[in-house]
Amino acid sequence: MSEIRVRFAPSPTGKVHIGNIRAAIYNWLFARHTGGKFLLRVEDTDLERSTPEAIAVLFDCMKWLGLDWDEEVFYQTKNVKRHLEVVDRLLESGHAYKVEKTSRDGKTGVVTMFRMPKEGVIEFDDIVKGHMAKKAEDIQDFAIVRSDGSPIFHIANVVDDIDQRVTHIIRGDDHVENTFKHICIFRALGAPVPKYGHLSMIVNQQGKPYSKRDGAAFVGEYREQGYLPEALFNYLLLLGWNPGDDREVLSREEMIKLFELEKVHVTAAMFDPKKLAWMNGEYVKKIPRDEFVAELKKRAATLGPLPEHDDAWWGYLADQLQIRTKFLNDIPSAVRCFVSDDLEFDPKAVEKRLKKPGVKETLIDLVGRFSKVEDWSAPALEAVVKELSQGNGMGPWVHPIRVAVSGRGEGIGLFEMLQLLGREKTLARLSAAAETICA
RNA sequence: GGCCCCUUCGUCUAUCGGCUAGGACAUCUGGUUCUCAUCCAGGUAAGAGGAGUUCGACUCUCCUAGGGGCUGCCA
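To convert, note that position 12 of the first sequence is 477 in my numbering; the numbers rise steadily by one, no gaps.
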């Protein structure tokens with residue numbers, strides 16, 4: 466059997482780091498591309514942090530991004546007995562020994578150490594970094610069982626990989642040194658050594674590993690901020706890989722078809738929130754209209770009860786809004802004027818557009834003209850203002866109207882806005898602004 | 001300190017010895033437009049430094065500098 470089996474093996478801490486999830490993405494794509502299996506192993510040996518809630522967060526993030534896994538979830542804590550059996554074998558074969566040690570924090574006890582070869586070179590061909598070699602003498606013996614009898618990462622990780630029949634280990638760059646050690650364990654156990662691929666880190670502007678101090682570092686934060694999972698997925702994928710041509714926005718199918726581990730970059734990549742934001746906008750534009758309408762209603766509803774409108778009305782609003790929405794979280798403020806009569810007036814816009822001489826008269830005049838419009842539609846309303854402007858630009862009318870009816874200086878096309886608002890609200894708001902706000 | 005790895009526009013990157021060094025984001029200019037956004041056209045901007053190999057080097061080799069990782073009874 467030469468079936469490819471990869472795994473994502475996070476320790477659940479309640480948050481999923483973007484660098485970590487990128488490793489999951491690469492593993493997943495590699496498995497899907499090669500027709501192999503993508504396994505999930507929960508390294509839950511830290512009982513303090515590995516709560517059911519933390520594990521739920523992990524599953525949730527993966528589902529959100531569409532990272533589905535094959536076979537049952539493997540829990541590391543359930544394999545402790547195996548880990549210790551294997552350590553016994555290592556002890557018997559002389560590959561491990563017990564010794565009394567004092568730890569950094571002053572605890573003294575007997576730990577089990579793995580005996581590293583004392584000479585020779587340990588080497589492997591890393592799928593992304595190329596040939597790697599290190600003299601065995603440069604690596605110290607290392608602990609595999611704590612003085613309290615619990616297995617340590619190195620042994621647990623290797624034994625689990627053997628038990629899960631993992632063929633390719635794709636993980637973070639920070640594990641390269643461990644890999645030299647782990648290869649020695651595989652060999653001592655007579656187990657086949659898997660292939661390795663080490664992924665570079667995602668770094669901040671200073672070139673240091675990207676952390677929460679640099680901005681949103683966890684998947685959940687992007688979700689809360691209204692990023693689309695497809696955009697985050699696509700962006701993270703591009704941070705260290707590209708299809709070899711100019712394509713950047715890729716469908717999941719294209720990603721699977723094109724992804725090759727050999728083409729993953731060795732160098733660390735700086736996280737650029739601006740490009741992620743751009744990509745999010747690209748994906749927002751791609752949302753099918755009916756889905757966007759549903760999203761629109763859902764988010765508009767956070768402002769209060771939705772006004773009664775037919776599907777055509779919502780569809781029209783969605784058409785106007787979708788191309789100028791970068792983040793779904795921007796929707797509430799953009800639709801506030803349609804959902805609520807309690808407008809939030811932007812002081813700057815009010816100052817600039819309403820508190821000017823003559824504006825009051827203009828608005829009152831417009832109320833008169835608009836009330837005579839029979840067909841309350843964007844083109845008809847535009848015709849009214851066009852006539853007033855006599856080809857000199859509609860700015861002097863358009864801007865005050867916009868602020869008067871929406872409270873804001875920007876938004877969807879004004880006449881589309883008025884059409885959506887309807888005659889009654891438009892006239893009422895124009896009059897109200899003229900009476901109470903204008904100088 | 002020791003060991004391992006890395007180095008093309010501000011950022012993500014293309015280039016697998018022929019380069020007038022291409023694309024995207026960001027930025028700037030112009031156009032469209034009632035604002036914002038979209039869209040369209042265009043501009044600025046890069047091979048860390050030094051040797052070598054070669055007819056020819058961003059691409060290969062070496063050195064230097066700079067950066068990162070690891071050096072736990074963490075994972």
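If you're looking for bench data, these hints aren't it; they were derived computationally from the structure.
We treat Cβ as the ideally placed atom computed from N, Cα and C, and that holds for glycine.
A few of these clues could be false.
Said to hold, decoys possible - With a cut-off of at most 25 Å between alpha-carbon atoms, the simulated SDA-like pairs for lysine to any residue come out as follows:
hint	residue 1	residue 2
1	Lys543	Lys673
2	Lys673	Leu654
3	Lys594	Lys646
4	Lys739	Trp778
5	Lys600	Gly585
6	Lys751	Thr767
7	Lys890	Gly872
8	Lys890	Gly874
9	Lys821	Thr767
10	Lys660	Lys563
11	Lys825	Val758
12	Lys825	Asp795
13	Lys762	Lys660
14	Lys563	Lys502
15	Lys751	Arg497
16	Lys502	Asp525
17	Lys728	Gly872
18	Lys677	Phe651
19	Lys546	Asp525
20	Lys739	Leu654
Stated by the list, open to error - Label-pair distances were calculated between CB atoms; the ranges are:
hint	residue 1	residue 2	range
21	Gly672	Lys543	38 to 44 Å
22	Lys750	Leu853	18 to 24 Å
23	Met597	Arg630	19 to 25 Å
24	Asp590	Lys543	22 to 28 Å
25	Asp775	Gly479	25 to 31 Å
26	Gly672	Phe810	40 to 46 Å
27	Ile721	Met597	37 to 43 Å
28	Lys677	Asp811	29 to 35 Å
29	Arg514	Asp628	19 to 25 Å
30	Asp628	Ile721	23 to 29 Å
Right, here's what the structure says about each hint:
1. Lys543 <-> Lys673: Roughly 35 Å separates the two Cα atoms, so the pair is violated.
2. Lys673 <-> Leu654: Violated, at roughly 37 Å.
3. Lys594 <-> Lys646: With Cα atoms ~17 Å apart, Lys594 and Lys646 stay inside 25 Å; holds.
4. Lys739 <-> Trp778: The hint is violated at about 33 Å.
5. Lys600 <-> Gly585: Holds, because 6 Å separates the two Cα atoms, which is no more than 25 Å.
6. Lys751 <-> Thr767: 24 Å, holds
7. Lys890 <-> Gly872: Status holds; Cα separation ~13 Å.
8. Lys890 <-> Gly874: 18 Å, holds
9. Lys821 <-> Thr767: 34 Å, violated
10. Lys660 <-> Lys563: 30 Å, violated
11. Lys825 <-> Val758: 36 Å, violated
12. Lys825 <-> Asp795: Answer violated: Lys825 to Asp795 is near 31 Å, above 25 Å.
13. Lys762 <-> Lys660: 49 Å, violated
14. Lys563 <-> Lys502: 37 Å, violated
15. Lys751 <-> Arg497: 24 Å, holds
16. Lys502 <-> Asp525: Holds, at about 20 Å.
17. Lys728 <-> Gly872: 51 Å, violated
18. Lys677 <-> Phe651: 35 Å, violated
19. Lys546 <-> Asp525: 29 Å, violated
20. Lys739 <-> Leu654: 48 Å, violated
21. Gly672 <-> Lys543: 38 to 44 Å: 40 Å Cβ-Cβ, so the 38 to 44 Å window holds.
22. Lys750 <-> Leu853: 18 to 24 Å: 34 Å, violated
23. Met597 <-> Arg630: 19 to 25 Å: 23 Å, holds
24. Asp590 <-> Lys543: 22 to 28 Å: For Asp590 and Lys543 the Cβ distance comes to about 33 Å; the hint is violated.
25. Asp775 <-> Gly479: 25 to 31 Å: Hint violated: Cβ distance 44 Å, outside 25 to 31 Å.
26. Gly672 <-> Phe810: 40 to 46 Å: 45 Å, holds
27. Ile721 <-> Met597: 37 to 43 Å: Violated, at about 28 Å.
28. Lys677 <-> Asp811: 29 to 35 Å: 32 Å Cβ-Cβ, so the 29 to 35 Å window holds.
29. Arg514 <-> Asp628: 19 to 25 Å: The hinted range 19 to 25 Å holds for Arg514 and Asp628, with Cβ atoms some 23 Å apart.
30. Asp628 <-> Ile721: 23 to 29 Å: 27 Å, holds
Violated hints, listed in ascending order, are 1, 2, 4, 9, 10, 11, 12, 13, 14, 17, 18, 19, 20, 22, 24, 25, 27; each of the other numbered hints is respected by the structure.
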